[in-house]
Every structure is written in C-alpha cells, then in structure tokens.
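Participant: Fit chains B and C to the given chain A structure using the hints.
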Amino acid sequence: MIYSFWIFDRHCNCIFEREWTLANSNNTNAMGNGTINSKQNDEVGKLLYGMIFSLNSVTQKLSSSLSENQINNNIRSISTGKFRIHTMQTATGLWFILVTDFKQQNYSQVLQYIYSHIYVKYVVHNLLSPYDFALNPKEQRGQGIKRINNRHFINSLEAFLQPMLT
Amino acid sequence: MGIEAILIINKSGGLIYHRSFTSPQVDPSNPTITSTTKHTLNSNDLLILASTLHSVFAISSQITPKALQLSQSNINYTIPYHPYVGVANPQTTPKNNMPTKYGSFKGDDYFKEPFHNWNKSGLKQLSTDQFTMYIYQTMTGLKFVAISSSVLPSGTGSGENNNNAGANTVNINGSQYNMGSQIADNLLRKVYCVYSDYVMKDPFYSLEMPIKSDLFDDRVKSLIDHLL
Amino acid sequence: MPHQRNSSIQNPEALERQRQYELFQESLPKVNALVYQMLLNEIIPLSSHVENQLQTIPMEEFSEDQTESQLKDLSLEEKQVSNPSSSDQLIYKLSQLADEDENEFNNTLKRVRDIGIKLGTRLTNLLVFTNNVNLNFKEMDLLLIMKFICRDVWKQIFGKQIDNLKTNHRGTFYLIDYDYALIQDFCIETNTIPSQLNEEVITSKELKLVEPFLELPVGIIKGVLLSLGYPLEEVICLATFIDKPREKIRNGFPKGISFHVQITKPNQQQ
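Residue numbers (my numbering), protein chains in the order written: chain A, 1 to 166; chain B, 1 to 228; chain C, 1 to 270.
The reader is advised that the hints may include incorrect statements.
[Claimed, not checked] Derived coverage of chain C by chain A (criterion: at least 3 residues anywhere in the stretch with Cβ under 8 Å from a Cβ of chain A; other residues may be distant):
#: 1; stretch: 153-160
#: 2; stretch: 180-190
#: 3; stretch: 196-209
By construction, these hints were calculated from the structure, which means they are not laboratory data.
All C-beta atoms in this analysis are idealised placements derived from N, C-alpha and C, irrespective of residue type, glycine included.
Bound conformation, chain A alone (with noise of 0.2 Å):
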C-alpha cells in the first residue's frame, strides 16, 4: 500500500508531492483520491527531507567507519512502526520518496521506474518543462519554487502507481 510520493530538488524543495488518502476507496476516480501538490503538505514535505537528510548525513559518517571502500552510503528506507519510507537519490540531487505501509520492503525498482520513465520522459525531455523549478538560480532556502504541474507526468504517474495503491 502506498501512502504518498514525494519528489524533492538539489535545493532541498518538494517539486512534486502526491498524497493518497484512501478516505474513499470507492471513489475509482484517480484525482478526486488524496491530493497533489497541496499547500497543506508544505510543512510535512519539509519535516520529511529534514529528516531524511540529517539521517543521510549521519549514514555518510558511519559508512566511512564501517567498511574501508569509501562508496557512498545513501539511504534505501526507513521505517516506523507505521509506515516507511523508501528513497531514492539521483546523481542530479534529486531525491525520490514513497511512503508506504510497514510490511512491504523493496520499492527501488519502482523509484527507478519512475525516474527513468516518468520524470525524465516528461519533465527532463519536455521542453516547456523548467530545467530548475527554483525560480532563483541562487536558490537555497525555499523562497520561490515550481511544482510539476504537468498533466502527462501526473497521468503516467497516477497509471503506473494505481496498482500498488491497494
């Protein structure tokens, strides 16, 4: 079951953020369940990437203690007793983020996926797309910033995760 995905940027903004909330799981309509890129998520975007990155700080230290090839020790997933999150960074400085339920384990591939063929098909090759959805190249602290509020990677997206929904 997945809960809600998250895409942030290399200045640390949420540019996408999708919320199922299975409220109304009669509801077979695809939007009218949960939210996209909704102001109220704001805070809760940022509690999530603030927690992420000083965890991932903390596994770069312990990485370079704990075996001797300095590869990087990024984050696969963390968990509560609740749900847990399953990450994924780009080389770019993207990250990418699924929260789903506590039992299911490995949703890499499916972070992948939706790097590979979503996000880079239709926000990287599409030109009317921003390059940086900050609207400040000297962007740092979240003062202005794009969603991606594109109809096809919203479909595509909504379509390859519907059936992991339930």
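Facilitator: Below, chains B and C without anything else, positioned relative to chain A:
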C-alpha cells in the same frame, strides 16, 4: 546477521553506551565510548549520531501519512497494517519456534512470550546501502540501537540501469526482511533485559549517565556472540 | 531499413549496391535520438533569445564606422550576456510575443524557419551522397519529391515516416504526421494542478506554445523543395494541428500535425 555495534541512547538523547563488535580484538575490560576498534568515529560524532536519531524520532511521528491518521480514528477500517498499529506485534520469541538458526540466546531465554512494541510512530529501522540500523524503544524512552551489516535484499543497485521494472515485476521481498526486524527486536529486548539486570540493579550507577559496567559488557558480548 | 521501391532491385548488381548502402548506413556514427531531439528543440528558444538580444541593441550601432568599437562592446569580458534565461522561460516569452510584438515574433519564426531551410537543403545533398539505391533523383516529379520528403527525409530527421500524404494532383499536398517526434513529450506546466483547470484552456495554451516548434519542419520541407528546384517564393508551407485518429491517442502529444504544402507556379523543369 552480523551485528556491528550496539548503542544505547537515554531519553534525553544522550549516548550512554556504545559498543562496537567489528573488531574481534575488542578488549572487553575496556569498552569505553572511544573504544579501540577500527571505528574512526570519535565520541563527538557518536554524540551527534545519538542526538540525530533522537530528534528524528520526534519528527517521524509528525509525518504520519494522512491515510493512517484517518484510519486510526475509525478502527472499523480493515487495512493490512492493522496488527501493527499498536497492539501486540506478531513477533514470537525464537526459543521454540526458530531455534538455532537465528541465534541460540545464551542460557535460559529471557522471555518466552510475544511482547508489546512501544515504538509505534518513531524510527524503527534504517536501511542504507551498507548497513541496517534497528531501534528498539522502551516505554521509558530509552533507545537500544543495533547496527547490522546485513542490507536490504535489493533487486537493483542504486545506480543500476534496470529499467524494465513494471509494476508487476517488482519483487517485493517482504517476509524475509520483516524477519530481520523481528529478530533485531528480540535481540535488543534482551539487551534491555540485561540492562535492567546489570545496570539498573547496580547501586553505583547514576541514572542517565554513561554505562561502565564490566558485567553488562560481558553479557552483551555473549548475546552478540551467540547470534549467528 | 529502406523500403523497396525499385523493381530492378532483383538484379544482382542492384542487390550488391543495396547491400553496400546498408553497410554504409551501419558504419555511420550513431547519435542518441533523445540528445539529438533536444538539440533540435533548443533551436527554438535559441532563436528567440537571439532575436531578443538583437532587439535590445539599437540599430545605429551597426553603422560601419563603429563596427570595431561595436565588436569590442559585444565581447564577453566587456559586457555580460544579459541574464541567460532558461529554455522554458524563453518559450513562454515567445508565445506571449505573438500577441504583444508581432514583428519580433515573426522574426523569430523566420529565424527558426531559415535554420530548417538550411538543414533541408543540406540534407537533400546528404541523401544523394549516401548512394541510396532506392533514390533516383533523375526523373522526379513533384509527387515523387513529396514521397521522398515523407519517407526518406522524415525518416532521416525524425526517425519515422509521415503517416499520411494527400494530394489533389495540382500542386497541393497535405503531409500528416500524427505523432511528430520532437514534441511528443511536451506538456504545459500550469500554476496549479491541471485537473482543477479547464482542459480546453490548457490545450489551447499548450498548442500556442508548441506552434513555434512547427516552423522547423516547415523550413525543412521548404529547404528540400528549394534544393530540388522549387524556389522559396513559389512554395507555401503551413503547419496546423489536427485531431489524432482515436487509436493513436495515447499519452503523447494530444494533436497531430498537418503540413500543407502548395506549389504556386507550375515548375519550369517539369
């Protein structure tokens, strides 16, 4: 499951015990925080690690997905994670059910019944490319942390180009991994038992302070040693 | 894989030439299609930017006696290139220009078209040079030329052939490409979630944004015709959006493209 290190964090986020098992030549009589292993982490780093984990604990309850928040108010909702939401975790102790394969704990088993997981919304497990960290929280806010060298049984490496993963072909290897988490909880609960036996009963121990007890060290060591 | 068009392909000599051609095609260096398409697409924002920059430089500065000092002014260390905008901003700006400054808008389109024309003329020569046995440039009438554009030129540039070619046999042609490769992944970025907005408004805005991108293939068609003896002023070529047939509607761009080509004067060479 190789345990690399055991940490204990007190309820205010301070590191009160750290023991690393990566090097076989650890001198059991001298397991101070800056112990003589290949760890390059200095005590300052460890303190940062402890306080980071502690603060993440507080955050993680804040980011509970809406779907979970909604379903909590209405218990009638039958959702797959229901058994985990609070009551008894379906974890059984390894003594009878899973004997020697995952670890014959030393001597008489410390407990023989399923136990309650107090750590409901806090951080429980952290998986990275190189290790897995398990956290067991007691009702009093004490956190027992185990760093294990086993990693997620992943289908793809992080940078690999395995793009054919459709929704249906993704292999979600659930049961095996939850097993690891359950075992870690069992182990850490035993560390907790040892803690209450050898630290709490120690009249010379002052609360919330670093633990410097040889007996406790020995017991923890033997727990880890028997875990194969 | 080239399609068979010559019946004489059966004789051994032709077969050998066909094989040589295929070997030659194999030996050519390959370019990643995505990168290539991105570069082609960048032509449009680039043209817009160039046009923009030219507008900001007053005309009198181009007078001859000042050329030297002007060159100095333009050099990078003297004058910072004014705020390089990103491609998407340039595209959005360009579509605004259509309403605000028609002159500059048309100049930009012309710039794009000119690039297409150059590309087209060169490409004809390139395709002649490749020794493709399926091509015979000696006895080409207009219809064959259009077929050449639909099959070989389109395949060469966009990786696919034109879907449909219609003609009235009197100099008017409709070249229909239902999924024109360069714009397939394009989708407008709106300020809020698309589902809250009027679908028609979005689509019309999106089509307006994409319009400049169609000038490139228009230029290419004109360029090919130019190199085969139809001067630019005798050829009218316009691109319009058309609805896709139902079975083609997938996740790609919502509209197909129809290129309307008209040869105004009967060609002298015919």
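Participant: What hints, given by number in increasing order, does this structure fail?
Facilitator: Structure breaks hint 1 only.
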